[in-house]
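Chains as they are written, first to last, in our numbering: chain A, 474 to 979; chain B, 80 to 901.
Honestly, the hints are just simulated from the structure, not real lab data.
Please note that the accuracy of each hint is not assured.
As the list claims (entries may be wrong) - Per label pair, the in silico range of CB-to-CB distance:
1. A/P972 x B/S497: 57 to 65 Å
2. A/T495 x B/E196: 17 to 25 Å
3. B/H516 x A/V897: 20 to 28 Å
4. B/A135 x A/Y845: 41 to 49 Å
To be verified - Computed far set for chain A versus chain B, every beta-carbon distance over 12 Å:
5. D505
6. Q510
7. A572
8. M600
9. R609
10. S610
11. D614
12. C681
13. P690
14. T843
15. P862
16. R950
17. S963
18. A969
Beta carbons: idealized from backbone N, C-alpha and C, even for Gly.
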Amino acid sequence: MGSRTSTTTPGVDVNGSVRVLTGTPPHTTALDWLRSQGLTGAKEGCAEGECGACAIMVARPSTTGDGSTEWVSLNACLVPAAALDGQEVVTAEGLGTPAALHPVQQEMAVRGGSQCGYCTPGFVCSMAAEFYRSGRSGVPDPVPDAPGAEGLDANAPSADLTHEHGPNGFDLHALSGNLCRCTGYRPIRDAAYALGEPAADDPLARRCDQAPPTGRPTRLASEGAEFVRPADLAEALGILRDRPDAVLVAGSTDWGVDVNLRGVRAPLVVAIDRLPELRGLGVADDEVRIGAALTLTEVERRLDGEVPLLAQLFPQFASRLIRNGATLGGNLGTGSPIGDAAPALLALEADVVLTSVAGERTVPLADYFTGYRQAVREPGELIRELVVPRPLAGLTAFHKIAKRRFDDISSVAVAFAIEVVDGVVDRAAIGLGGVAATPLRARDTEAALVGKPWTDGTVRAAADVLAGEGTPLDDHRASAAYRSEMLGQSLLKLHAEHPLTGGADA
Amino acid sequence: MSHLSQRPDVPADVAPVGRTVAHESAALHVTGRALYTDDLVVRTKDCLHAWPVQAAAAKARITRLDTRPAYDVPGVVRVLTADDVPGTNDAGVKHDEPLFPDEVRFHGHAVCWVLGETLEAARLGAAAVVLELEPLPALVTLAEAIAAEEFQGAQPTISRGDLDAGIAASAHVFSGELEFSGQEHFYLETHCSLAHVDEAGQVFVQSSTQHPTETQEIVAHVLGLASSEVTVQCLRMGGGFGGKEMQPHGLAAIAALGATLTGRPVRLRLNRTQDITMTGKRHGFHAEWRAGFDDDGRIQALEATLTSDGGWSLDLSEPVLARALCHVDNAYWIPNIVVTGRVARTNKTSQTAFRGFGGPQGMLVIEDILGRCAPLLGLDAGELRRRNFYADGQATHYGQPVRHPERLRAVWEQVHDSGEVERRREEIDRFNAEHPHTKRGIAVTPVKFGISFNLTAFNQGGALVHVYKDGSVLINHGGTEMGQGLHTKMLQVAASTLGVPLDRVRLAPTRTDKVPNTSATAASSGTDLNGGAVKDACEQIRGRLEQVAATGLGVAAPDVRIVDGWATALGQDEARVAWDELVRTAYFQRVQLFAAGYYRTEGLHWDSTVMRGSPFKYFSYGAAATEVEVDGFTGAYAVRRVDIVHDVGDSLSPLIDLGQVEGGFVQGAGWLTLEDLRWDESDGPHRGRVTTASASTYKLPSFSEMPADFRVSLMERAHEEGAIYGSKAVGEPPLMLALSVREALRQAAAAFGGPDASIDLASPATPEAVWWALDAARRGAVGGGVDVGGAEHRPEPADPEAPVRLPESEAEQTVEPQLSDV
């Protein structure tokens, strides 16, 4: 194991003053820890990152890559308190006081944005993070009390509605992980759209101009369990070799659910989310390499549409609060058959790069999953990066079937990457989620398409094949019959939307 | 204009009542400083934490319960079992809800509770308790319970006219069935109680409860104490929606029992999984019906049997059922009617109050009937609805005259005008003709909702108002704050009545030792009841101060006006006395500066044994026009636009009322479309388990369900004679406006089929349900699952052996109903 390189007392800067973490059991979430400190603004609503009542802001390296800082909203219920060692956190209490409200708090208060108030501190933190987002610009809605009908084109299907962005550049998806049971959301939207720019002397805005908090190794032991943030990849791989019982966390969106809902108390938790070797991102002519520990928000913003299929995926992947923590490595590492990244990466024919003390190997994602939450990854290995080969197919789409459009788990997910040349399907890769014990490629459907003209007849025949792929089950999300229907319908929908395609967006 | 409803004649800019103000706690909410019950734990020394031992069987005999292993877990202090109960082992008022059961009655039933130094210790202690069960056959679905004829409580019938004659005279007779789901409250704050023993054995319980008085009573009977020995306080709730009307009591009793046995404060907070698996929800219903219409579509007769899924005990199922039966007419005149209700007993959580309290279920039945029958009658569904509206001089099927039916037509016409419904209908027809894979629908539905507790005795309220020597005012009343803005309105009422600026009045948390014998903050009645009481208390004080001011100003007391903190004499603008000075003077003249206020709603009567009377003070009216768009490939949909016109009387607090209308609508839309409560109905090992016991599996509306374009108007010039400052209740009625979403989805699904397709749409209308409906329409189904003629399809009548519904069934058996003879 690597040696400890810091003797600093573990602690977190919360609202401008450092609070010590010593003695905190490793399974303690940031939420429980903050509340034990008397900071009871953040609330537990669900304890699984689905409601946002626990949202806080954390200072993180800016996705612009210019060395500045940005405020990122996170579900405090999912993050180990120990993972915040050396970090800077702002809670609703730290944003403002009743006598001196923060602009976000002011707009929420006067516009009826709170009723019972329980979800409000979380909303305020999510909203404040978006308020400070670099690149958000525009003018506040001058009459936000007037019902917003922006972009309601009588003849455009509603998928084109633009009501998810305010005139001030506010992206409503910033609030997609926050639930309110009282207001119906309209006043919260109006509060968000009424926000101006941060004042010149706003201390949190000024903080963004400085460098982000530097990561530091952490070692926190209590009650027979340990949290370790290794100093580097070598130390991390050494721990993995020696301790097969170690639980890896990056965004800890799965760890938090295990701890809170399933009572899991891992003896050793190893945080890998700041290891530089897992945080690279490279776009070359023949491939795109994506670090396994970049958050989905970082990948989304840094790729900036470079991989259109992923650009379609991200807004449908959980919520902004989750994407701010979750990673592609984590989504593949848990091996869930209903994770949304796998179908998309399968369609992109991505490779997984695994690394261990023994060295590195590359596995096609299509060969990665071996069974329900089982994969070829050996104990001692971690996912270092994903490699997406280029050129990308011209026609790509991500179809997610779920009850709710924002922040729901797929009943079925279908990702398409199809190349049509001169009206004929040249290649097709289709990734499926939610229809088998693992994510899988729809090989039979692909075969039914390749070499055939991209016509109604081909698509109907292939849709019948697609409807028979996998072995979907009945559960609380959907019936097996609906899942199968949705597989077939997804191809019909793709063709209906792109009937003449010879390339992208035809 | 009645004294109660008349507003002080003061300029609008200084009148606290009717002004747009933010929620009184808004600044505390947004800064994270508003405290909820569980926020008190870190501020409480040496608190113990409680964790339940939940049984994993839908129905089972407990063959062994060994708590000793729990004590081997470090930090476990005490395990609470039935043997510890000094008083009555019952969490309810009907003696069918043992706090510590000897038989498991639903999956997740708590059989004992472990107290630990930490929550972790309590959790591990609960896991160590040995619980052995002998499984028994369980009824999990409503259909199973109906087939087994397993019912509980009374089976009341409301009837009027001559059903058979009405059917015989009908040109068209249809019959059908409908089963629809309940709803999880999913208040963001789960149930929580914190109890400690004060000096001299007094028990003090802080609880997230809509009904502090009943929480107090249950705690007292479990502990074997008098009510005077137990105080319950509710700071505020993080949402209630009816889920904290009955359900907190047993949990508070556990905390209080633990506190009395250990001498230490005990915190009991359910996590989300526990909350969903242990506490009651909105009742799902099954309905069988037969309806007759004349050639013009006028309803001639309706026969229906509504069976609710009550879960394992009665709880509030009987009054919920009563309200469902009383609202099966919604806005429609039904001359000949027989409507019967039954409560099925299933092995599920004990279903309870939820915003609307049976009203939504009753209305869903009639709106579903109209929505399915309209195409079969060759009528537009909106037109069919309009033709059946109540008219002047008509009474409901339970005998209450329908006052102000013209408001129904007014809101209906206004929402059609402001929503440009006719123009948009044409636009939608064009859109649908041009888009084979995407269809839109628009529907307008009305709401008529009766305001008051059905049980007359509950329609009373109390308040306590203090004016301190410095002129500051502190008010207390019997209602609880759950986000609905009751406290904001009470501050406005107090400031208006006293004649002081709003910021001179403060409100202290609801406690049973300040105002006793309160009713639940429920039935939308919080403002009516407590507002009347606050006004009464303030008027007593103002009357005394007017005497003091009259002497000082040298005029007679009737000529004194107190407005915005100044006492003046009529016609004399110069001579005036400041409020603080007036209060100080009054103190030195030994004038009482505090008062208890009381209010009882006049003119109500209801006989639940025959289900007749005038139980409601007034009706709230509203109408909503909703436009949706449905994707033909998936059944996924979006709500494009909602227009609402709603009658809140003369609004006491427009921002608050707007919030209630919008929030209620979206919550109702959640029930009808998205929220899909599921139990394991298989014969597998988890039979009876809630399979949607988390936020990841039970989806509430999120930002993506917010109507893209949401336009709400409050009806103007809507003064209500019989209510506080001319206002009307607003908490529940708007929820039912969301029936328009369901009906719009039905229209859009129909557009995938032939022009006259009747659509049978499941509830909730999830994307999957909508997809099956539109797929059926596309395949040419037109009948909507409705039987034409349907004489063979008569709803099952009530069981003559069922117990008669006792008048006291909403209350302790010692409470006598007031059956006045107005």
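Cross-check of the supplied hints:
1. Separation of A/P972 from B/S497 is about 40 Å and departs from the stated range, judged on CB atoms against 57 to 65 Å.
2. Taking 17 to 25 Å as the suggested C-beta distance range, the pair A/T495 and B/E196 conforms, at roughly 20 Å.
3. For the pair B/H516 and A/V897, the beta carbons lie near 24 Å from each other, so the given range of 20 to 28 Å is met.
4. For the pair B/A135 and A/Y845, the supplied restraint of 41 to 49 Å is violated, since their beta-carbon distance comes to about 23 Å.
5. With a least beta-carbon separation of about 9 Å from chain B, A/D505 fails to lie farther than 12 Å from that chain, contradicting its non-interface assignment.
6. Interface exclusion of A/Q510 from chain B breaks down, the closest Cβ pair being 8 Å apart, not more than 12 Å.
7. Look at A/A572: its CB is around 8 Å from the nearest CB on chain B, not clear of 12 Å, so calling it non-interface is violated.
8. Under the 12 Å C-beta cut-off, the non-interface status given to A/M600 relative to chain B is violated; the minimum distance is some 10 Å.
9. Listed as outside the interface, A/R609 is consistent with that label: its C-beta sits roughly 17 Å from the nearest C-beta of chain B, beyond the 12 Å cut-off.
10. A/S610, annotated as away from the interface, keeps every beta carbon of chain B farther than 12 Å; the closest lies near 21 Å.
11. For A/D614, the requirement that its beta carbon stay farther than 12 Å from each beta carbon of chain B is met, with the minimum near 14 Å.
12. Separation of A/C681 from chain B is adequate, the least Cβ-Cβ distance of about 22 Å exceeding the 12 Å criterion.
13. Chain B leaves A/P690 outside its interface by the beta-carbon criterion, the shortest separation being 27 Å against a cut-off of 12 Å.
14. Even its closest Cβ contact with chain B, about 25 Å, leaves A/T843 beyond 12 Å, as expected for a residue assigned away from the interface.
15. Interface exclusion of A/P862 from chain B stands, the closest Cβ pair being 30 Å apart, more than 12 Å.
16. Look at A/R950: its CB is around 8 Å from the nearest CB on chain B, not clear of 12 Å, so calling it non-interface is violated.
17. Residue-level check failed: A/S963 sits 7 Å from the nearest beta carbon of chain B, not beyond 12 Å.
18. Once the 12 Å rule is applied to beta carbons, A/A969 is inconsistent with being away from chain B; the minimum gap is 6 Å.
Violation of the numbered hints given earlier is confined to hints 1, 4, 5, 6, 7, 8, 16, 17 and 18; the remaining hints are satisfied by the structure.
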